[in-house]
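Number of protein chains: 2
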Amino acid sequence: MAQVPAYTKAEEQLERIFEAFKEREIQRVFYVACGGSSALMYPSKYFLDRESKNITAEIYNSNEFIHRNPMSLGEKSLVILCSHKGKTPETTAAAKFAKAKGALVVSLMYVETAPLAEESDFIVNYSWISAGNMEPNPEIMNYAILYKLAMGLLYVKEGNRKYEKLVSSLQHLDTVFEKLMKTYAEKAKAYAKEVKDEKIIYTMASGSNYGMAYSFAICILMEMQWIHSHAIHAGEFFHGPFEILDENVPFILLMGLDETRPLEERALAFLEKHGKKNLVLDAKTFDLTGIDEEVRGYIAPLAINFVLRMYALALSKERNHPLETRRYMFKIPY
Amino acid sequence: MAQVPAYTKAEEQLERIFEAFKEREIQRVFYVACGGSSALMYPSKYFLDRESKNITAEIYNSNEFIHRNPMSLGEKSLVILCSHKGKTPETTAAAKFAKAKGALVVSLMYVETAPLAEESDFIVNYSWISAGNMEPNPEIMNYAILYKLAMGLLYVKEGNRKYEKLVSSLQHLDTVFEKLMKTYAEKAKAYAKEVKDEKIIYTMASGSNYGMAYSFAICILMEMQWIHSHAIHAGEFFHGPFEILDENVPFILLMGLDETRPLEERALAFLEKHGKKNLVLDAKTFDLTGIDEEVRGYIAPLAINFVLRMYALALSKERNHPLETRRYMFKIPY
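Residue numbers (full-length UniProt numbering), protein chains in the order written: chain W, 1 to 334; chain A, 1 to 334.
Bound conformation, chain W alone:
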């Protein structure tokens, strides 16, 4: 087949978007999506917050975005949306809404054509695990594409060189993932056995890792396993939520490598003292060979997410509750 390889295609799509970045002023980035697709965007906002002199970044649920109707949304806005199959109605409506306001609209999706694509100025197709593609390319997975857009934007607009370090580092992500697969295969199974009968499991993180905690709580535990959950911000933990903790309450603490790590370390000390059912996934223990020191804080959540996915699979097997099982989603009208 003469099909263009997925990597080349995504790169070409990104190049065209970077050209569009050069042609217009951008003051604000709005990250707009629902559920797991929204959670993907938290690390990119963290990057823009830390590194941009002039461009602000906000994250909104698609329907909230439309109804909140931010007054500053306009021609100097970049709206980045994501929907796996490009068919989430609220996200498609949000793209249309943003375009009508004159914003530059860029949408990520796994599929090549979809309603969301029709409402967008540009699309990028990311790689994903599916029946026909069991070896996705981490360099063009959704998180990676989102970073390329954010870092590419600051490269174009503010001369920020993290983009280059990102691109060279992402080439090593498959090796990082392979090693994590080996290290965590048995650990994930053991954990699944331990917690299979728990009714509630909290997740916790801060900074660029918070989105992973949110995603695991709402998509994996609540949606796919019907286990009660809540993503707690590691800084907020000490101002209310920690009172819920005793020896019987399971917590999953994600520890990354970004500047907010002291918040996660503080939460760890507390969990170790007062909790007994803790799972700590610490990126400091990961072999990140090939990932540039300057972007490790940003890339750690991608590695953590890979490990979390292994825990999700192990949990679903141990509980005999496939990740695909739903009672409502896509099954009834809502």
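Hints in this document: simulated from the structure, not taken from any laboratory.
No experiment lies behind these values; they were computed from the predicted model shown.
Among the clues, some could well be false.
One copy or two, either will do: identical chains are not told apart, so a pair holds if it fits within one copy or between any two.
Heads up, simulated EDC-like pairs for lysine to aspartate or glutamate below, C-alpha to C-alpha not over 20 angstroms straight-line [what the hints assert, rightly or not]: (1) Lys-76 x Glu-51; (2) Lys-96 x Glu-259; (3) Lys-331 x Glu-247; (4) Lys-53 x Glu-25; (5) Lys-331 x Glu-272; (6) Lys-101 x Glu-51; (7) Lys-199 x Asp-246; (8) Lys-331 x Asp-246; (9) Lys-101 x Glu-259; (10) Lys-317 x Glu-198; (11) Lys-199 x Glu-247.
Following the hints, put chain A in place on chain W, whose structure we already have.
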């Protein structure tokens, strides 16, 4: 005693801050606090998002704010902080951090002197229920002061006239509260009896009301009642969390009067169809006489919060678990 009345004092403090607004350019507002004090700020961000042409608003946990260290924080930033007793160490540190960056630093607190005051350019003292003050003035309660700051800022900077409508409306809030007290006293007790043995209660809302859902989940249920909880955004509900719902899972849905109400209505329809333990607090049923139509959407969360406080008290009595009981907070080092 020749003491200045609290209302007059707060007004004088606000006047001085508005003068400071006139004297400098403000591009970004950072709302910085922890837990319940942070939740207070969500409605003000909603207002700025909807109504400001040029000024952006962000909400950060105090410790996240310091470590995230947003690059755009600087002389054109207004940082608004809040700590009830002005002694939250992370919030005091955040004020100091913001001041060192050249930002205009305004802090809300209940007390008159505190470490946080020393690190701030301006303070505003709000009114609150306490042993010595059982009849706080709703016009200068924390939510009201925060709105006065946000609406005052846009009045000064962009000629937005909502400030005037806010001030005249707030004069009627005590009457609104009195009527709500009568309507909800027995309802709150009945609900408390119903759910007293529940292990988990979710809260849900969108837009300007989401902060109330967050506050009730983390401060009242988790912190003060040791009941598992999670504030779910009504738009996000349909993209993961709703799979947790069955007839045995209690939800508290807050329905406000702002532009995102359709999200809450959609959640209501789903809860009514698939859940059986729903508490719906709907501001549409409140008697809001005196509150200007143009600001009802913004003021509804204050009324909802008043009602929620009644439910919290009823719950604590029914469960024989005083709201002041803690296992960790202020009792052990953390």
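Outcome of the hint check:
Taking CA atoms no more than 20 angstroms apart as the test, Lys-76 paired with Glu-51 passes in both settings, with 19 angstroms inside one copy and 17 angstroms between copies. With identical chains, the CA atoms of Lys-96 and Glu-259 are at most 20 angstroms apart between copies only, with a shortest distance of 18 angstroms across copies and 36 angstroms within one. Taking the shortest Cα distances, Lys-331 and Glu-247 sit within 20 angstroms of each other only across copies (18 angstroms), while inside one copy they are farther apart (38 angstroms). In this homomeric assembly, Lys-53 and Glu-25 come within 20 angstroms of each other (Cα to Cα) both inside a single copy, at 14 angstroms, and across copies, at 16 angstroms.
In this assembly of identical chains, Lys-331 and Glu-272 lie within 20 angstroms of each other by CA distance solely across copies; the values are 18 angstroms between and 42 angstroms within a copy. When the C-alpha separation of Lys-101 and Glu-51 is checked against a cutoff of 20 angstroms, the pair qualifies only between copies, where the shortest distance is 15 angstroms, while the shortest distance within a copy is 27 angstroms. When the C-alpha separation of Lys-199 and Asp-246 is checked against a cutoff of 20 angstroms, the pair qualifies both within a copy, at 15 angstroms, and between copies, at 14 angstroms. In this assembly of identical chains, the alpha carbons of Lys-331 and Asp-246 lie at most 20 angstroms apart only when taken from different copies (15 angstroms versus 38 angstroms within one copy).
Only between protomers do Lys-101 and Glu-259 lie at most 20 angstroms apart by alpha-carbon distance; the minimum there is 18 angstroms, versus 36 angstroms within a single protomer. For the identical chains of this complex, Lys-317 and Glu-198 are intra-copy neighbours only, at 15 angstroms inside a copy versus 29 angstroms across copies, given an alpha-carbon limit of 20 angstroms. When the C-alpha separation of Lys-199 and Glu-247 is checked against a cutoff of 20 angstroms, the pair qualifies both within a copy, at 14 angstroms, and between copies, at 16 angstroms.
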